[in-house]
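Trainee: Going line by line, the protein sequences match chains A and B.
Mapping the first sequence onto this note's numbering, position 39 (from 1) lands on 39, and the numbers just tick up by one.
Mapping the second sequence onto this note's numbering, position 50 (from 1) lands on 50, and the numbers just tick up by one.
Calculated from the structure, these hints are not laboratory results.
Since this is a predicted model, take the numbers as computed values, not measurements.
You may find that some hints are simply not true.
DSS-like mimics (lysine-lysine), calculated; alpha carbons at most 25 Å apart, straight line [claimed, not checked]: (1) A/K73 x B/K82; (2) A/K30 x B/K30; (3) A/K73 x A/K63; (4) B/K72 x B/K113; (5) A/K22 x A/K73; (6) A/K23 x A/K63; (7) A/K8 x B/K82; (8) B/K185 x B/K210; (9) B/K109 x A/K63; (10) B/K204 x B/K72; (11) A/K22 x B/K30; (12) A/K23 x B/K30; (13) B/K172 x B/K161; (14) A/K8 x B/K109; (15) B/K82 x A/K63; (16) A/K68 x B/K82; (17) B/K149 x B/K172; (18) A/K89 x B/K82; (19) B/K117 x B/K30.
As a plain string of letters, each chain reads:
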Amino acid sequence: MSEQPSLKLIRDIAAGDLEFEKKLIAIIRKELPQEIEIYNANCKEKDYLEVAGNVHKLIHKIKIFGLKNGYAKAVIFENDLRQGNAELKAEFDEILETMSIFLNSIEAP
Amino acid sequence: MNCIIVDDEELARAIIEQYAINDTNISDSKEFSSGIDAIKYLNTHPKVDLIFLDIHMPGFDGFDFIQTITSKAKIILTTSDKNFAIKAFEYNEIVDYLVKPITLDRFQKAVQKAILKKTSELKEVNSNVVSGTSGIDDLFVNVDRKLIKIDIPSIQVIEAKGDYILIKTELKNYTVHSTLKKIEKRIHRDYFIKVHRSFIINIKEIVDIKDNSLLISNHMVPISRSNKPELMDRLNIL
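For reference, chain B alone in the conformation it holds in the complex:
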């Protein structure tokens, strides 16, 4: 595991760093005396697995830090007073808290907890992948008397064309004798949204939106007035 240590106190960082160097579960560790510097690092180093985070830092404290980062790293809070750690259980990323001065035994237990949590999450992801291959992410369509498998997340746009629908993926287009209503029932609501009576789009593929049309790859798709509010609701707009 790669870890970072965020604490404005050098003494605290030195102790964790020493334990980390001697821990075979930790392959790399970096120290930061400010949360802002650590966030900058995380933005360019997404492979950090574990963060030792001091709750009590001046200006930008540990909880500000947690709310700011997008990293999926597990967090072990460090504090001089365990009362400050109670809030820790409000955050899913936090696996444990350590009260300073941190003992080696307690450090090792916390690292084990982080490994267990990471492993159990990985198992969960893998079990979803298995479900995916057995059908959840697959769509079989009848083209020229053949059932062809399409990976649902790869679909960019589905367009109604009379009695047919045109399924556009990144690599290939398929013309299928079906309706938007039928295909809508077979695809995930998380990915897709109807933006016009003749168009369903993959929301994750949108490049930009201007007035009443949007761009997906090189496809310009119209947005109807009645579908626009739902689309705007689904977007993460700053």
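Chain A on its own, in the form it takes in the complex:
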């Protein structure tokens, strides 16, 4: 079974403050689709330097969902993109898909 996202880190950061925990989830719910959309648009344009920047931005959310393997893969993908190599795109897209599904499965705050 592939690595699954978790809310553990978000809960650690919120330190029992439920309102803050909800706020963080709400922000991710708003920002993640926007960041993915920008990433997809730049992928279409094959603007790999821009895509590398988008991946870098997404790394924070990958880490906050506790996706350690996903993080390692994203760092390699970002570096590859800076060299003009997008071979890991499909694997990275899977990480994004996993995160999006997970986010949709969480009860809306």
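With chain A fixed as given, assemble chain B onto it according to the hints.
Mentor: Using the frame of chain A, we list chain B on its own:
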């Protein structure tokens, strides 16, 4: 301490903001999603002590930001990848870097570092002030058989007049039996420059320069051709 948070990612800003609100060392915090907006704020709010700065922002990144600001605030860099923080040690203002997602423990350590750095700098400034009062910024001149203390940075112009020199400060002028050569040895080179064989001026007091003369307060001072290149070298000309 007053702090600002500069990051184009709302999630990152929200986490730092929450930690800042709960930190007793931080009295006020403001968020900015762009470096340009933060710079505009800093230009009108000089009392910002600490900046949490994302390195990786589109268009105008953290390092562009550092090179642009004139604020003396301490900077804590934030990044998703620590490799991007290596460059951080090239800048004196940067006290620490935080890898996202930022934990509370790490945030508090970084704030402590900023406080320590600020405190040690303040001690350094205070020790200079003590030296100043014991002599570095003071000049005693003999006027009418009295030794009168003059605060050196307050001197605007020193003019040679035969066997005397006329020391002009913002509040008062003093005529002293001495020479420009003698007084030149007693004042800081950082502040003063000889612009004519009969004039030494405080470079920080210049109002404007036109052709071969300059204006300090209401004093018009000639600039000699031989002294002009050094003067122009010392000025911060755009």
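Trainee: Next, verify each hint and record whether it holds.
Mentor: Structure-based check of all given hints:
1. A/K73 x B/K82: holds, 16 Å
2. A/K30 x B/K30: Answer holds: A/K30 to B/K30 is near 21 Å, not above 25 Å.
3. A/K73 x A/K63: holds, 11 Å
4. B/K72 x B/K113: holds, 15 Å
5. A/K22 x A/K73: violated, 28 Å
6. A/K23 x A/K63: Between A/K23 and A/K63 the Cα gap is close to 18 Å, so the pair holds against 25 Å.
7. A/K8 x B/K82: OK: A/K8 and B/K82 at ~22 Å, within 25 Å.
8. B/K185 x B/K210: Outside the cut-off at roughly 28 Å; violated.
9. B/K109 x A/K63: holds, 21 Å
10. B/K204 x B/K72: With Cα atoms ~20 Å apart, B/K204 and B/K72 stay inside 25 Å; holds.
11. A/K22 x B/K30: holds, 21 Å
12. A/K23 x B/K30: Holds. A/K23 to B/K30 sits at ~18 Å (cutoff 25 Å).
13. B/K172 x B/K161: The hint holds at about 17 Å.
14. A/K8 x B/K109: Judged against 25 Å, a Cα distance of about 22 Å means the pair holds.
15. B/K82 x A/K63: Holds: B/K82 and A/K63 sit about 13 Å apart, inside 25 Å.
16. A/K68 x B/K82: holds, 15 Å
17. B/K149 x B/K172: holds, 12 Å
18. A/K89 x B/K82: This hinted pair holds, its Cα atoms lying about 23 Å apart.
19. B/K117 x B/K30: Distance ~22 Å between B/K117 and B/K30 Cα, so the pair holds.
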